[in-house]
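K.L.:
Here is how the chains run, residue by residue.
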Amino acid sequence: MDDTVLTKGTSTMLDSETRLTLYRKMVECRVLEQRAYDLFMQNLIKGTSHLALGQEAIAAGFGVAMREDDYTFCTYRGHNHTYVRGVTMTSILGELMGRECGLLRGKGGSMHLMSMEHGALGSYAVVGAHLPIAAGAAWSAQYRGTEQASVCFFGDGTTNIGAFHEALNFAVIWKLPVVFVCENNRYMEYTAISDVTAVENPAADRAAAYGLEPVLIDGNDVDVVYETALRALAQARRGGGPSLIEALTYRHGGHSRADPGKYRPEEEVAEWMKKDPLPTYRERLLKLGLEEADLEAIEAETEAMVDEATETARNSSPPPEEIARQDVWADGSASWRN
Amino acid sequence: MAELTYRDAVNAGIAQEMRRDSSVVFLGEDIAAAGGVFKTTAGLLDEFGPSRVRDTPISEQAIIGAAMGAAMTGLRPIAEIMFSDFFAVCWDLVANQIAKTRYMTDGQCSFPLVIRSANGGGSRFGAQHSQSVENWAMAIPGLKVVAPANPADVKGLLAASIRDPDPVLFFEQKSLYAIKGDVPEEEHVVPLGDARIVRSGTDVTIVALAAMVPRAEKAADTLQQEHGISATVVDVRSLVPLDTKTILEEVAKTGRLVTVEENPRLCGWGAEVASIVAEELFWDLDGPVVRVTTPHIPLPSADALEDAMLPSPARIVAAVQQLVD
Chain V
585 MDDTVLTKGT STMLDSETRL TLYRKMVECR VLEQRAYDLF MQNLIKGTSH
635 LALGQEAIAA GFGVAMREDD YTFCTYRGHN HTYVRGVTMT SILGELMGRE
685 CGLLRGKGGS MHLMSMEHGA LGSYAVVGAH LPIAAGAAWS AQYRGTEQAS
735 VCFFGDGTTN IGAFHEALNF AVIWKLPVVF VCENNRYMEY TAISDVTAVE
785 NPAADRAAAY GLEPVLIDGN DVDVVYETAL RALAQARRGG GPSLIEALTY
835 RHGGHSRADP GKYRPEEEVA EWMKKDPLPT YRERLLKLGL EEADLEAIEA
885 ETEAMVDEAT ETARNSSPPP EEIARQDVWA DGSASWRN
Chain R
104 MAELTYRDAV NAGIAQEMRR DSSVVFLGED IAAAGGVFKT TAGLLDEFGP
154 SRVRDTPISE QAIIGAAMGA AMTGLRPIAE IMFSDFFAVC WDLVANQIAK
204 TRYMTDGQCS FPLVIRSANG GGSRFGAQHS QSVENWAMAI PGLKVVAPAN
254 PADVKGLLAA SIRDPDPVLF FEQKSLYAIK GDVPEEEHVV PLGDARIVRS
304 GTDVTIVALA AMVPRAEKAA DTLQQEHGIS ATVVDVRSLV PLDTKTILEE
354 VAKTGRLVTV EENPRLCGWG AEVASIVAEE LFWDLDGPVV RVTTPHIPLP
404 SADALEDAML PSPARIVAAV QQLVD
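Taken in sequence, the protein lines are chains V and R. Heads up: the first sequence begins at 585 in the working numbering, then just goes up one per residue. Heads up: the second sequence begins at 104 in the working numbering, then just goes up one per residue.
FYI, nobody ran anything at the bench for these hints, they're computed from the structure. Check before you lean on any hint, since a few could be wrong.
Unchecked claim - Where chain R lies over chain V, by a calculated footprint (3+ residues, C-beta under 8 Å):
no., stretch
1, 702 to 711
2, 717 to 731
3, 812 to 824
4, 909 to 921
The model shown is predicted, which means the values in this text are computed figures rather than measured ones. Ideal Cβ placement from N, Cα and C applies to all residues, glycine included.
Can you build the whole structure from these sequences, using the hints too?
P.N.:
The structure is reproduced here in structure tokens:
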């Protein structure tokens, strides 16, 4: 689409404090998920897990831009989106490890992280489901007049499922305060999105179908993500309706734990590794005159934080069996008969 | 008391709850300006305004997703799915998301929402607009399932469903919309999970739901008048929660159980009731548990064919006679 302009590297206006916060959030996400990967290799995390290594700029940029009472909806690749809302590393690693200290005490697992008190309104593991749910939370905010916004993250593959279309149309006609963010990491699961999609940019090229502006950004540039997020959130709060943002990025690993990602050409992987959002941003910060010692301090603090979280989670007990029979219903029970 | 149709009782139940609680909102296809394709919701838009009574596109996933997102953030939405057959196009939202999210998140959130839907056969609409899908719903942990048989229960059970902190699938039997009955004009709430003993007998207990309740009553009349058989009739009213206490007590008194189900045979709710009775009341039974159901077929549309397939009073009478004789 010729008139879809990729926004990248345009930001010069951010203050150092914001930039350090953005950097810190990206480092924390990176270190947290690297640790999750290591714990998997040690068989301390079972089941599956979908890492967003390489996509941290999107979670960090939005996480820093959002208001405390805004809502996040994300996918099974949702550790970072949940973390940036204020959930602790201990409760995330504990949940992945199936421990009592876990965010959901082992009842959800990696694909279902949620923390209502932090506005992290869930990780949804069936592709597309959460787009209409995010619209519903935005409807609630609109009805209650709170100026809260709902932010909904999803992958490129989601743009081909029916719920995407239903939610986008619905959000536009009701002018809902919701920001839809497509993290286009080029592959849905094992297949390139370009092999199975009618248009080049799976979200941006479809924006026109809903009367929305096409927004295509460099999702590996945290400054760009942050500023785009601020604009979209402001639009939502002033009653300007939804946005659809396509953020180009790349996952460093495969789709899930089971996938080494060998279907991707080596040159392509190498090219994208050069665009890794962390080292590139670190370099920018140094060029802008920030102190390397400050960056090193962030890195060291984060390592210490993840080590401590790992220890706490490892030492936490398995959850008590009785909770498996609780909380089907709001009264705390699982009872269906008298 | 006022005499209302089943259809108008739907309206009365929604209006009663919307008047008392501003967090109750209502969305669905053609429910606002058009007043509902079954005319169940006429006038609600005028009374409550467009921010609370909202027409949607034909987008069942958007309707149910929106209800879920609203319910987890402080509202009490009522969503309409026009025909219960259409649950098939939004079943992910219903069965995977709404039903499981409270459990998966260790009880962090709850979903006080109601999904109303026109369910069941008898209207000659063919196989994709006539199903009784209550057994789909009751197979999923986390969903409450309610199906009223008369106008008073429509109003009272709908009110209780809207006030309930959990998701409720509320099945309105579309062939009953025109029936009339006395409905309390004052505030009326019927708790979920209480079966209703419609009549008491001594020889057999007939347990039925929704449109099968009036048919069971008719069968009970015939059994009494023509065959000297005295039947208890129990209206289950809500499948989840299930009032097994009343069912077990009533079956224990008569020693015989016949379930009457509109759903196709396999895994119908009566199979669960039969299994509970067999496990917990076996030594009190004087004969086998008998299920009268629609055969395991999609429903045909022609009136002659549809009538022959749905459980009729005559089939109920025949089943009971065989059991008692």
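K.L.:
Now tell me if each hint is right for this structure.
P.N.:
Results for each hint:
1. 702 to 711: Satisfied; 4 residues make the cut.
2. 717 to 731: holds (count 11)
3. 812 to 824: Coverage by chain R is violated here, the residue count being 0 at a Cβ distance below 8 Å.
4. 909 to 921: This one holds; 11 residues, not fewer than the three required, reach chain R with a Cβ under 8 Å.
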